[in-house]
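> Chains as they are written, first to last, in the numbering used here: chain A, 1 to 351; chain B, 352 to 563; chain C, 564 to 1112.
Think of the hints as simulated: they come from the structure by calculation, not from any bench.
Computed from a prediction, not measured in an experiment: that's the story for all the values here.
By construction, the Cβ of each residue, glycine as well, lies at the ideal position given by its N, Cα and C atoms.
One should not assume that every hint holds.
To be verified - Quick partial rundown of chain A residues pointing at chain B, CB under 8 angstroms, derived from the structure:
| id | residue |
| --- | --- |
| 1 | Y60 |
| 2 | A62 |
| 3 | E77 |
| 4 | F80 |
| 5 | G81 |
| 6 | I84 |
| 7 | L248 |
| 8 | L251 |
| 9 | P278 |
| 10 | F281 |
| 11 | V284 |
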Amino acid sequence: MSAIARWIQDRIPISPHVIREMSNEPVPYHMKHWWFALGGTPAYLFVVQIITGILLSFYYTASTGSAYDSVQYITNEAAFGWYIRSVHKWAATLMIAAVVLHQMRVYFTGAYRKPREMSWMVGMALLLTTLGLGFTGYSLVFEQLSFWGATVGANMTDSVPVVGGLLKNLMLAGETYNPRTLSRFFILHAAVLPVTMVGLIILHIVIIRLQGVTEFWFKGEEPHQLGKGKFDFFPDHFYTELTLGLVLMILLSTLATIFPASMGPQANPLVTPEVIKPEWFFYVVFRWLKLFPGTFAILSTGFVVFTMFTWPFIDRQIRRRTRFQEASVWIGIFGVFAIIALTLWEAFVAH
Amino acid sequence: MAETPNRDDETHTTETLDRREFVSRASGMAMVAGLVGGYGAFGAVAGRYLYPARPDDGTWQFVADLNQLRVGDSLRYRAPAGETVNITRTASTGVADDFIALSSACPHLGCQVHWQGPQDRYFCPCHNGTFDAAGVGTGGPPGDAAQSLPRYPLRVDGNLLFILVPTMRLADAGPEEQPAGEVLDPADCSSAAGHDPCLSPLAHKDRGSDLA
Amino acid sequence: MTLETKRWVIGGLGALFLISLVMVQWVETARRAEEAGLRPASVSAPASSVACVECHAQANPGIVDHWTGSTHAEKGVGCVECHTATELEPDAFQHYGESIATIVTPRDCARCHVDEAAEFAASHHSKAGNILASLDNYLAETVEGAREDFNPHSPTPGRAFGEVNGNASAQSGCKQCHGGKVALQSTDGSLITVDDLAPDENGIPTNQAIVAMVVKDDNGQPLYDSGTWPNTGIGRLNLDGSAGSCTACHSRHDFSPRRARQPENCGKCHLGPDHPQKEIFEESKHGIAYRDLKDKMNLDATDWVLGVDYSAAPTCATCHMSGNMRNGGKVTHDPGERISWTNRPPVSVAMDTDINHAIVKTDDPEERAALTTDSWNDKRNRMKDVCSHCHSPNYVNSFYDQYDAFVQLYNEKFGKPGLAIVGALVEHGARTPTQFDEEIEWTWFYLWHHEGRRARHGASMMAPDYAHWHGMYEVAERFYMELIPQAREMADHRGGSAGAAIHKVINDILARPEHVWFEEGAAEASARIREEMERRYGQGGVRQDGDNF
Chain A
1 MSAIARWIQD
11 RIPISPHVIR
21 EMSNEPVPYH
31 MKHWWFALGG
41 TPAYLFVVQI
51 ITGILLSFYY
61 TASTGSAYDS
71 VQYITNEAAF
81 GWYIRSVHKW
91 AATLMIAAVV
101 LHQMRVYFTG
111 AYRKPREMSW
121 MVGMALLLTT
131 LGLGFTGYSL
141 VFEQLSFWGA
151 TVGANMTDSV
161 PVVGGLLKNL
171 MLAGETYNPR
181 TLSRFFILHA
191 AVLPVTMVGL
201 IILHIVIIRL
211 QGVTEFWFKG
221 EEPHQLGKGK
231 FDFFPDHFYT
241 ELTLGLVLMI
251 LLSTLATIFP
261 ASMGPQANPL
271 VTPEVIKPEW
281 FFYVVFRWLK
291 LFPGTFAILS
301 TGFVVFTMFT
311 WPFIDRQIRR
321 RTRFQEASVW
331 IGIFGVFAII
341 ALTLWEAFVA
351 H
Chain B
352 MAETPNRDDE
362 THTTETLDRR
372 EFVSRASGMA
382 MVAGLVGGYG
392 AFGAVAGRYL
402 YPARPDDGTW
412 QFVADLNQLR
422 VGDSLRYRAP
432 AGETVNITRT
442 ASTGVADDFI
452 ALSSACPHLG
462 CQVHWQGPQD
472 RYFCPCHNGT
482 FDAAGVGTGG
492 PPGDAAQSLP
502 RYPLRVDGNL
512 LFILVPTMRL
522 ADAGPEEQPA
532 GEVLDPADCS
542 SAAGHDPCLS
552 PLAHKDRGSD
562 LA
Chain C
564 MTLETKRWVI
574 GGLGALFLIS
584 LVMVQWVETA
594 RRAEEAGLRP
604 ASVSAPASSV
614 ACVECHAQAN
624 PGIVDHWTGS
634 THAEKGVGCV
644 ECHTATELEP
654 DAFQHYGESI
664 ATIVTPRDCA
674 RCHVDEAAEF
684 AASHHSKAGN
694 ILASLDNYLA
704 ETVEGAREDF
714 NPHSPTPGRA
724 FGEVNGNASA
734 QSGCKQCHGG
744 KVALQSTDGS
754 LITVDDLAPD
764 ENGIPTNQAI
774 VAMVVKDDNG
784 QPLYDSGTWP
794 NTGIGRLNLD
804 GSAGSCTACH
814 SRHDFSPRRA
824 RQPENCGKCH
834 LGPDHPQKEI
844 FEESKHGIAY
854 RDLKDKMNLD
864 ATDWVLGVDY
874 SAAPTCATCH
884 MSGNMRNGGK
894 VTHDPGERIS
904 WTNRPPVSVA
914 MDTDINHAIV
924 KTDDPEERAA
934 LTTDSWNDKR
944 NRMKDVCSHC
954 HSPNYVNSFY
964 DQYDAFVQLY
974 NEKFGKPGLA
984 IVGALVEHGA
994 RTPTQFDEEI
1004 EWTWFYLWHH
1014 EGRRARHGAS
1024 MMAPDYAHWH
1034 GMYEVAERFY
1044 MELIPQAREM
1054 ADHRGGSAGA
1064 AIHKVINDIL
1074 ARPEHVWFEE
1084 GAAEASARIR
1094 EEMERRYGQG
1104 GVRQDGDNF
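Here chain A stands alone, though its shape is the one from the complex (with noise of 0.2 angstroms):
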């Protein structure tokens, strides 16, 4: 051992070997296909997020007279400016992707099924969350339609009953846009939801690993037949996410370089723009909106979100109280043709 090493060693008193064991866990044999390390996408595009977030608030200022302007600094005047606020941009669209992509590959593979229900709620929370910041960094830009995409938004949450209008109020810190809600919009994006997140994804890790993933058997590649049932994280896995991650980078800047991240004109409370649209991953929900009355259609999403959060004791019921086993199979399909119909509707309708 060198000089350094040991003068490390005994400041740090682990041994490397210690952790070693600690993060060489091993991984199933499953996991050799790509599609299952889509988990591990949004954690490595959360991580381009928290950078190059980091780098686009160098020069963001959150206030109502500034940011439209700030922003378009970034993006015209800043070097390279427009390429992070465009990875940013596009890091985030391919992150709620592959959130929903993940969680997709989860449901149908009935992983969250017991031991994991919490895992999945663990998860449920992550794709708020990761929902939440969308809405949030959208509103930063000032533009037309972030802006009034907040105002809608804040108004869908004010036909919340009971609490509506309490809602609105912590939201907007007023009852309507004001210059003071900016800030707040700023601070969650950048801070409240991004720290929520990682104490989310700390608490998705430690479960599975205290669990272990839910182990799957390809034709061909059952263990008795390879030996073995599993693979050494390090190298062999970590090369995966790696390759991974790199394939993500060159997308996200071929992304970046041919569809730049645009301004549309800023912000003005007295012209409401002919076609508000919230970004394209809110199409469901705000398709939904405009097809039922206000209380109905905030409360059914609301349903429809519980129902979600709590589907492994749902499913585990239907299971044992019924004879459709694969219920959930039928009924996932049924959810992912609705939510890709509602929101192609929404985004081939104008109005």
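For this one, chain A is given, so just place chains B and C on it according to the hints.
Relative to the frame of chain A, chains B and C by itself:
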């Protein structure tokens, strides 16, 4: 590069090294090189992003008509961002080199210097710093530290004198206000003794405690 | 996959990532160079228009140059996007694989600019083509020109002209501002206009039989009647049933907002002896400030909101069309939205408008209130919003007191009496029904159409010389020195009870207190003036030739 690992590595001799190990090492190096290259470039981009996009947000501002200044005359000009600039005419050929535009903030502690014609020097009343006509420190703290008054670029267009000054300010006067500089009243800034009565309000506000 | 392969893959991907960042660097460098003006903004023609641009850059480089500098080019709106036309449209033709038409109408612009097109359609501007049945047009078509072509009466050496086009004055004059009826040549020698085509609500002709009769050149391009195109009049009656032409103000092919914001743009039509708005503006303090402070007008701003983007001076657009801080920056393409008097007719009318944006004509107050959807006062308040960016409420209100007083003075002293006199001449058979064949018809036209409008426009836009010397002074001279004597002469000529009735109308008018000085004299007023003059210039200071001014 291909042979490098073989020769440099002392634990293996060329005889024992087989092809397999060589390929394995090469792949490892390729991986490290790829990672360092890719993420390193990203780091460089981030670094460039954080560094100011351009050194100065300057614009050319109109100062005066050339005929307003005879050789030896000087005027005080306040840039949009608040700096006060002394502009002196030294020749009459009608080009920008006839003029010297010097910041009137003393490089020592930021007090406002003024021109003293008889002594042919800029004088800083705070600690008796002096500068020659070109702004080079000749006495007092700036002289000792070999500090000069910052110079501003000038340009003559037609018969008009323009100066390149920063226009970004900390507190904006309002969106409709186009930043514009102004020529200051040549009040009696030259005859005052002790602390300069012509210290700009900015200097008073920011540096008052230093002066006290 | 073996660990070794994975490492190779990672190395390769890392290199790819590096390459993608080099690409990013390349874009950044290009952007910087563009920003520094080292390279013209890269405008790439949209795929659909690449071929157009390549060819027309050779054939008509001016068009392509103008377009290249336009916002359209920046946003990827090329040639085909605007010129596209379905094959059902009468002026559509196949041009290198695209179905296009030459004339782009407001209906075409409305494919993207929906609100602007709707506002414009509601405006008086879009109805400028209705002049085709008016007095002005009668002047050009009959008095100045001829209703039909006629033979030249002697040869023009060097040129072999067949016929004289009697419509030429209307074509080059009236219609270039007001807009004409666009016509295609028909195989039977007649012209095909919107009336023949009877387009449906999508602009597609319902009379497809007549579309088949359109004359086409060797390339299949339909031929417009040269008397109706080129024409960029603001109320052009297009083949698709739409009225107007956006390029009247937003000159093709750069569609520069900067230009539309400047008074010279309106001055193509709003000038001259009958409505010198541009000259009036130039004489006013507004125009003076504009000329001086033009470089502070921020004319290139994206939105150009008064009070936000600029406040140095107003232009025509500022007051009549553009957005301001008080109205939320809303631009209108209906310049009538802020005008409270229309000074166009012989007698000024308050701009109460109905649901169709037409002026409410009835006198009955209740009926007026019921019909009016946007009152003159609503319009005035919109204008006051603009004024108040630079003027305090008292100042603005008092200005409007002055303006109202002036309009009322003109209306009551000259407008309505003049109308009554020329009306009486018709009623009692002293005038022929033909317009402009008698001197008094020219006199009256000068009085209201030229001098009366100059006066009122002068007062409306703060140009004292137009209000007075080019305005009321000439109105008064025309009234007392020409209209009254000519009317009296015609009454004498008519004679009998009809002549007496006309004289009575004139006498009743001249007996009113404001006219009484003319025939009964104003000795008292003259004496007062003389006294004042003598006080000012001393005894004998008053010259008998009256040249004391």
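> Taking the hints in turn, state whether each one holds.
Evaluation of the provided hints:
1. Y60: violated, 13 angstroms
2. A62: Violated, about 17 angstroms.
3. E77: holds, 5 angstroms
4. F80: Since chain B brings a Cβ to about 4 angstroms from F80(A), closer than 8 angstroms, the hint holds.
5. G81: Nearest chain B Cβ about 6 angstroms off; hint holds.
6. I84: Cβ of I84(A) sits 6 angstroms from chain B, so the hint holds.
7. L248: It is violated, given that the least Cβ distance between L248(A) and chain B is near 11 angstroms, above 8 angstroms.
8. L251: violated, 13 angstroms
9. P278: With a minimum Cβ separation of about 29 angstroms from chain B (threshold 8 angstroms), the hint on P278(A) is violated.
10. F281: Violated. Min distance 26 angstroms.
11. V284: Nearest chain B Cβ about 34 angstroms off; hint violated.
The earlier numbered hints that this structure contradicts are 1, 2, 7, 8, 9, 10, 11.
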